Amino acid sequence: MRVETAARPTVESPVQAAPVDTRLASLRAIYIIWYRDVLRYWRDRWRLVASLAQPLLFLVVFGSGLSSSLGGAFGRGSGLTYIQFMYPGIIGMSILFSAIFGAMSIVWDREFGFLKEVLVAPIDRWAVAIGKALGGTTQAMIQGLILLVLAPLIGVKLSVLTIVELVPLAAVLAFGLASFGVAIASMMKSLQGFQVVMNFLMMPMFFLSGALFPLTNLPGWMTVLTRLDPASYGIDPIRRVVLANSGLAHVDSLGLTINGQVLPVPLEAGIMLAFGAVLLGVAVVMFQRRD
Amino acid sequence: MERVAGAVIEAEGLVKKYGDLTAVAGIDLEVRPGEIFGFLGPNGAGKSTTISMLCTLLTPTAGVARVAGIDVMHDPAAVRQRIGLVFQDPSLDDQLTARENLEFHAFIYSVPAPDRRRRIDEMLAMMQLSDRASSQVKTFSGGMKRRLEIARGMLHQPQILFLDEPTLGLDPQTRKSIWTHLNELRTKRGVTIFMTTHYMDEAEYCDRIAIIDHGKIVALDTPDELKAKVGGDVVTITSQDPDEAAREIQTLLGVTPARDNGALRMEVKDGRAFVPRLVRELTAPVDTVSLRRPSLDDVFLKLTGRAIREEEVSARDRNRAMASRWMAGRRR
Ligand SMILES: Nc1ncnc2c1ncn2[C@@H]1O[C@H](COP(=O)(O)OP(=O)(O)O)[C@@H](O)[C@H]1O
Ligand SMILES: [Mg+2]
Numbered sequence: 112m113r114v115e116t117a118a119r120p121t122v123e124s125p126v127q128a129a130p131v132d133t134r135l136a137s138l139r140a141i142y143i144i145w146y147r148d149v150l151r152y153w154r155d156r157w158r159l160v161a162s163l164a165q166p167l168l169f170l171v172v173f174g175s176g177l178s179s180s181l182g183g184a185f186g187r188g189s190g191l192t193y194i195q196f197m198y199p200g201i202i203g204m205s206i207l208f209s210a211i212f213g214a215m216s217i218v219w220d221r222e223f224g225f226l227k228e229v230l231v232a233p234i235d236r237w238a239v240a241i242g243k244a245l246g247g248t249t250q251a252m253i254q255g256l257i258l259l260v261l262a263p264l265i266g267v268k269l270s271v272l273t274i275v276e277l278v279p280l281a282a283v284l285a286f287g288l289a290s291f292g293v294a295i296a297s298m299m300k301s302l303q304g305f306q307v308v309m310n311f312l313m314m315p316m317f318f319l320s321g322a323l324f325p326l327t328n329l330p331g332w333m334t335v336l337t338r339l340d341p342a343s344y345g346i347d348p349i350r351r352v353v354l355a356n357s358g359l360a361h362v363d364s365l366g367l368t369i370n371g372q373v374l375p376v377p378l379e380a381g382i383m384l385a386f387g388a389v390l391l392g393v394a395v396v397m398f399q400r401r402d
Numbered sequence: 003m004e005r006v007a008g009a010v011i012e013a014e015g016l017v018k019k020y021g022d023l024t025a026v027a028g029i030d031l032e033v034r035p036g037e038i039f040g041f042l043g044p045n046g047a048g049k050s051t052t053i054s055m056l057c058t059l060l061t062p063t064a065g066v067a068r069v070a071g072i073d074v075m076h077d078p079a080a081v082r083q084r085i086g087l088v089f090q091d092p093s094l095d096d097q098l099t100a101r102e103n104l105e106f107h108a109f110i111y112s113v114p115a116p117d118r119r120r121r122i123d124e125m126l127a128m129m130q131l132s133d134r135a136s137s138q139v140k141t142f143s144g145g146m147k148r149r150l151e152i153a154r155g156m157l158h159q160p161q162i163l164f165l166d167e168p169t170l171g172l173d174p175q176t177r178k179s180i181w182t183h184l185n186e187l188r189t190k191r192g193v194t195i196f197m198t199t200h201y202m203d204e205a206e207y208c209d210r211i212a213i214i215d216h217g218k219i220v221a222l223d224t225p226d227e228l229k230a231k232v233g234g235d236v237v238t239i240t241s242q243d244p245d246e247a248a249r250e251i252q253t254l255l256g257v258t259p260a261r262d263n264g265a266l267r268m269e270v271k272d273g274r275a276f277v278p279r280l281v282r283e284l285t286a287p288v289d290t291v292s293l294r295r296p297s298l299d300d301v302f303l304k305l306t307g308r309a310i311r312e313e314e315v316s317a318r319d320r321n322r323a324m325a326s327r328w329m330a331g332r333r334r
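Chains as they are written, first to last, in this note's numbering: chain A, 112 to 402; chain B, 3 to 334.
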């Protein structure tokens with residue numbers, strides 16, 4: 112027996128089979144991993160419909176209830192009702208939840224073995240993380256933007272320009288949170304673990320994001336927490352775009368400020384994008400660990 | 003061990019330790035091109051661990067392995083491009099159709115675009131799944147899923163196909179059909195097949211078998227050669243007084259019987275001459291006598307002193323297979 116082989120003989124491969132460009136293969140892999148996620152999402156129409164129930168419930172119950180009890184007091188005479196204020200926040204909520212739950216498919220794939228098929232393929236592991244993040248981004252974008260059909264009911268006027276501006280903003284928020292979800296999922300071995308972690312992170316993220324109430328005049332500690340919540344930087348620009356173009360005044364004053372300064376939309380989007388990039392980096396590192 | 007010219011799989015002193023536990027304790031083997039090589043052993047023997055090291059999924063603690071002439075530590079991606087894999091546990095996406103599963107594989111294994119469709123159709127036809135190509139995999143039986151996994155493993159035209167317990171949890175008829183397909187692959191595609199099993203009867207289909215126990219190869223040869231090692235025939239008798247029968251067999255016939263679940267079991271040179279003598283000479287009551295050619299079970303028993311407990315093993319595996327099917331059913 113040669114268990115403790117002293118020197119590992121370095122063998123050059125005698126077979127020079129068709130060389131495969133790993134870089135190119137990885138790009139193809141990103142595409143097909145993304146495509147599979149979108150295909151599964153599209154096929155699961157029931158989920159598509161069911162996932163509309165939650166935002167609708169929020170809008171009907173919270174929106175209508177608080178709109179009438181707050182009355183005109185809410186918008187400081189801006190003419191903004193609570194339900195109008197909340198509507199873009201609910202679009203953000205829908206993106207937030209779907210992006211993070213979309214990442215759960217990684218944990219499912221691990222549980223049911225399909226992840227193995229992906230991880231043993233002769234591709235770079237970063238392709239898996241990116242493909243998954245893009246798949247989650249796409250689903251979350253659709254889940255969020257689909258709520259635009261409710262705009263007439265809420266009394267929010269949309270223009271073509273609004274929608275053109277909204278698509279990249281929704282994409283940025285979706286990307287940031289999908290990367291966050293993929294990073295968490297890459298560390299989780301079980302579904303229960305993922306669900307526990309998500310509930311401890313996702314719900315506070317949602318509540319502190321400014322989706323449900325303006326981030327102004329809050330107690331000091333809460334101001335700090337809301338500014339630390341990455342979702343705030345994704346939801347605020349969506350609100351400003353959705354509401355500003357419909358002729359409702361004072362929207363910016365309800366939004367995200369740092370030291371009293373209103374942040375420009377591109378900066379907010381940049382912060383969100385950077386958050387997504389960092390977490391995607393974390394996910395890539397996690398996927399590259401072997402064994 | 004003699005060197006085999008042009009071996010497609012070579013392992014030297016392969017070891018895998020999990021902390022204190024030595025799962026694989028130094029394995030040497032060489033697999034020839036175009037052969038069906040079986041890795042036979044009870045649950046926990048180290049079969050999956052060995053196959054995982056050969057497929058670059060696990061890093062060996064010590065030793066060297068070359069697959070398709072490439073060191074598995076040196077260039078894992080190159081090895082993976084040249085091998086097909088069928089895992090012990092299911093790894094299909096059962097929300098997708100059979101064809102979609104294969105398309106996914108063709109993409110991540112860089113099957114050239116012009117060949118994709120043709121190869122997928124060919125493999126579906128070969129595995130007799132053409133008519134179900136557009137059905138979601140969740141509607142497939144266990145045997146169909148296995149066939150689809152084999153089709154998938156062959157899609158990028160690997161030199162070697164690794165299968166870890168490909169027939170686990172399948173009924174005997176389905177197991178047989180899987181074997182027919184594997185044989186066809188070998189003859190039509192010239193692919194080398196390395197597979198593990200704990201079903202003794204299946205190992206007979208292999209060209210050569212390595213019997214593994216506690217992480218070590220205890221024998222490696224063709225099934226016939228292995229059986230020849232048992233020596234002659236196997237005679238089994240049952241008796242109401244096995245102690246007395248055993249003593250008489252020992253003293254009158256000069257054979258030491260082994261106890262096997264209350265029966266007495268002995269290996270003799272010429273079974274057909276031995277049985278009449280046994281019946282004539284024994285005074286202890288004999289209930290049944292059976293005579294058969296040695297099987298691989300006998301080989302394993304002789305080499306390790308234990309029988310592979312088929313019932314326990316398969317009950318456990320069946321439970322696991324059921325559990326995963328149940329989970330898959332709940333999948334959303
Ligand atoms: N990841 C692991 N960590 C610790 N022990 C393991 C691990 N995988 C396998 N083992 C142990 O290694 C031994 C061999 O396992 P395995 O190769 O799966 O056997 P087989 O496939 O022959 O049933 C068993 O004792 C098993 O419990
Ligand atoms: Mg195993």
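Hint data in this document are derived by calculation from the structure and do not stem from the laboratory.
A few of these clues could be false.
[As the list claims (entries may be wrong)] Every beta carbon over 12 Å from chain A, so not counted as near; a handful from chain B, in silico:
1. S54
2. S132
3. E250
[Unchecked claim] Derived DSSO-like pairs: lysine-lysine, alpha-carbon spacing no greater than 30 Å straight-line:
4. A:K300 / B:K19
5. B:K218 / B:K19
6. B:K229 / B:K218
7. A:K227 / B:K140
8. B:K231 / B:K271
9. A:K227 / B:K190
10. B:K304 / B:K178
11. B:K178 / A:K227
12. A:K227 / B:K229
13. B:K178 / B:K190
14. B:K229 / A:K300
15. B:K178 / B:K218
16. A:K227 / B:K19
17. B:K271 / B:K229
Just so you know, these numbers come straight off a predicted model, no measurement behind them.
Every residue, glycine too, gets a C-beta built ideally from N, C-alpha and C.
A cut-off of 12 Å on Cβ-Cβ distance, and E250 (chain B) was said to be off the interface with chain A. Does that hold? 44 Å, holds
Does the structure keep K271 (chain B) and K229 (chain B) at a Cα separation of 30 Å or less? Roughly 13 Å separates the two Cα atoms, so the pair holds.
K229 (chain B) and K218 (chain B) were given as a pair; does the straight-line alpha-carbon distance stay at or below 30 Å? Between K229 (chain B) and K218 (chain B) the Cα gap is close to 19 Å, so the pair holds against 30 Å.
Given pair status - K190 (chain B), K227 (chain A), alpha carbons within 30 Å: Holds, at roughly 28 Å.
K178 (chain B) and K227 (chain A): Cα distance at most 30 Å? 27 Å, holds
Tell me if the straight-line CA distance from K218 (chain B) to K19 (chain B) falls inside 30 Å. 13 Å, holds
For K229 (chain B) and K300 (chain A), compute the direct alpha-carbon distance and say whether it is at most 30 Å. 45 Å, violated
Mind checking the alpha carbons of K227 (chain A) and K19 (chain B) for me, to see if they're no more than 30 Å apart? Holds. K227 (chain A) to K19 (chain B) sits at ~22 Å (cutoff 30 Å).
Next pair to validate is K178 (chain B) with K190 (chain B); report whether the Cα-Cα distance is within 30 Å. Satisfied, since the Cα-Cα distance of roughly 18 Å is no more than 30 Å.
Just to be careful, I want the Cα atoms of K227 (chain A) and K140 (chain B) compared with a cutoff of 30 Å; is the pair within it? Between K227 (chain A) and K140 (chain B) the Cα gap is close to 18 Å, so the pair holds against 30 Å.
Distance restraint between K178 (chain B) and K218 (chain B), which requires alpha-carbon spacing of 30 Å or less: 28 Å, holds
Given the hint that K227 (chain A) pairs with K229 (chain B), does the C-alpha gap stay at or below 30 Å? 37 Å, violated
Violated hints for the displayed structure, listed by number in ascending order: 1, 12, 14.
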